[in-house]
Amino acid sequence: MTTALTPELAARFAETALGHVTREYPNHIMHALGGPDDARTPRELHPLFFGSYDWHSCVHSWWTLFTLARLFPGTLEATRTYALATELFTPEAIAGEIAYFERPAARLYQRPYGWSWLLMQAAELARHETPEGRHLHAMVQPLAEFLAARFKAFLPLADYPVRVGTHFNTAFALRQTLDYADAHDADLARACRDAALRWHASDRDCQAWEPCQDDFLSPALMVAELMRRALPVSEFPGWFDAFLPRIGVGEPATLLTPARISDRSDGKIAHLDGLNLSRGWCWRSIAAALPANHPARAIAMDAAERHLQSALAHVTGDYMGEHWLQTYALLAVRAGQD
Numbered sequence: 017m018t019t020a021l022t023p024e025l026a027a028r029f030a031e032t033a034l035g036h037v038t039r040e041y042p043n044h045i046m047h048a049l050g051g052p053d054d055a056r057t058p059r060e061l062h063p064l065f066f067g068s069y070d071w072h073s074c075v076h077s078w079w080t081l082f083t084l085a086r087l088f089p090g091t092l093e094a095t096r097t098y099a100l101a102t103e104l105f106t107p108e109a110i111a112g113e114i115a116y117f118e119r120p121a122a123r124l125y126q127r128p129y130g131w132s133w134l135l136m137q138a139a140e141l142a143r144h145e146t147p148e149g150r151h152l153h154a155m156v157q158p159l160a161e162f163l164a165a166r167f168k169a170f171l172p173l174a175d176y177p178v179r180v181g182t183h184f185n186t187a188f189a190l191r192q193t194l195d196y197a198d199a200h201d202a203d204l205a206r207a208c209r210d211a212a213l214r215w216h217a218s219d220r221d222c223q224a225w226e227p228c229q230d231d232f233l234s235p236a237l238m239v240a241e242l243m244r245r246a247l248p249v250s251e252f253p254g255w256f257d258a259f260l261p262r263i264g265v266g267e268p269a270t271l272l273t274p275a276r277i278s279d280r281s282d283g284k285i286a287h288l289d290g291l292n293l294s295r296g297w298c299w300r301s302i303a304a305a306l307p308a309n310h311p312a313r314a315i316a317m318d319a320a321e322r323h324l325q326s327a328l329a330h331v332t333g334d335y336m337g338e339h340w341l342q343t344y345a346l347l348a349v350r351a352g353q354d
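The opening position of the sequence shown corresponds to residue 17 in our numbering, with each subsequent residue numbered one higher.
In short, the hints are calculated from the structure, not lab data.
For each residue, glycine too, the CB sits at the ideal point set by N, CA and C.
You may find that some hints are simply not true.
[Claimed, not checked] If you anchor each label on the Cβ, the simulated ranges turn out as follows:
#1 ARG322 x GLU251: 26 to 36 Å
#2 ALA308 x ASP54: 55 to 65 Å
#3 GLU251 x GLU24: 37 to 47 Å
#4 ARG322 x GLY254: 41 to 51 Å
Produce the complete structure using the sequences and hints provided.
What follows is the structure, encoded as structure tokens:
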């Protein structure tokens with residue numbers, strides 16, 4: 017049986033995110049100091065995205081809340097989300113976030129992971145038909161346009177992909193950014209596809225040396241998910257067959273086996289719950305893009321469900337995972353539906 021997003025599961029995810037998007041501490045600041053005056057608190061540095069332990073987790077936790085508010089309108093959680101967001105998403109707060117990125121020391125800040133999540137957030141808000149949603153989309157759009165411009169300046173300089181299983185993974189960033197770019201920025205969409213093809217069109221026989229202890233993304237499956245999103249529908253199965261030519265017989269087995277998590281209170285080890293959720297997301301999306309008679313389709317669906325089930329119970333329970341895992345759980349249970 018395939019796990020679905022029920023109202024009960026949605027309420028659990030939303031309640032979790034509402035509990036930390038304005039929680040300022042503990043906080044992991046990735047901040048370059050230009051002088052003693054730059055030593056400031058999270059909320060002083062970021063007037064909007066100061067919660068959820070770090071900037072990018074706060075951004076994508078808001079994406080989670082906005083997505084759930086659209087899918088389950090009229091719920092208590094949706095009402096709370098819109099009320100809190102309307103209070104916090106102001107022109108002044110957005111201007112403050114842009115000002116942070118404009119600092120000379122912030123050229124690399126959140127590249128590419130946080131950039132792509134902010135664009136995903138803007139893409140989600142553009143789907144909202146409520147007055148609150150339209151207002152919030154107008155609020156966040158200047159920051160989205162600012163970071164889209166940064167992406168367009170960066171991608172022509174990026175000769176090589178980054179194939180790690182953490183925040184610097186370029187396949188993940190491009191895959192997420194395409195959701196925004198395809199709807200709102202044709203030049204950015206073109207730049208993303210040009211980079212995807214330049215980096216990965218010739219990828220063959222992936223060896224999948226994973227998982228690593230720090231992974232929350234699968235380096236192998238993120239490339240496959242990017243190419244599913246970037247290629248024409250008719251071209252993806254052929255590319256996939258060359259990329260993972262033995263997956264129909266269960267090889268490499270590591271991509272089909274959920275990772276073991278030895279200590280969920282350890283923020284890095286807890287990444288592996290995210291790996292299981294993001295693999296579930298990728299496998300579901302990939303399976304849906306393969307022909308019904310493809311030998312890997314059933315294997316991919318089975319792997320997706322096993323990965324999802326291994327992690328879903330652990331989305332909440334410890335703040336080191338709780339401040340971000342509900343986003344990846346939502347990606348997994350919603351794969352292929354938007």
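Which hint numbers does the structure go against, in order from smallest to largest? When the structure is compared with the hints, only number 4 turns out to be violated.
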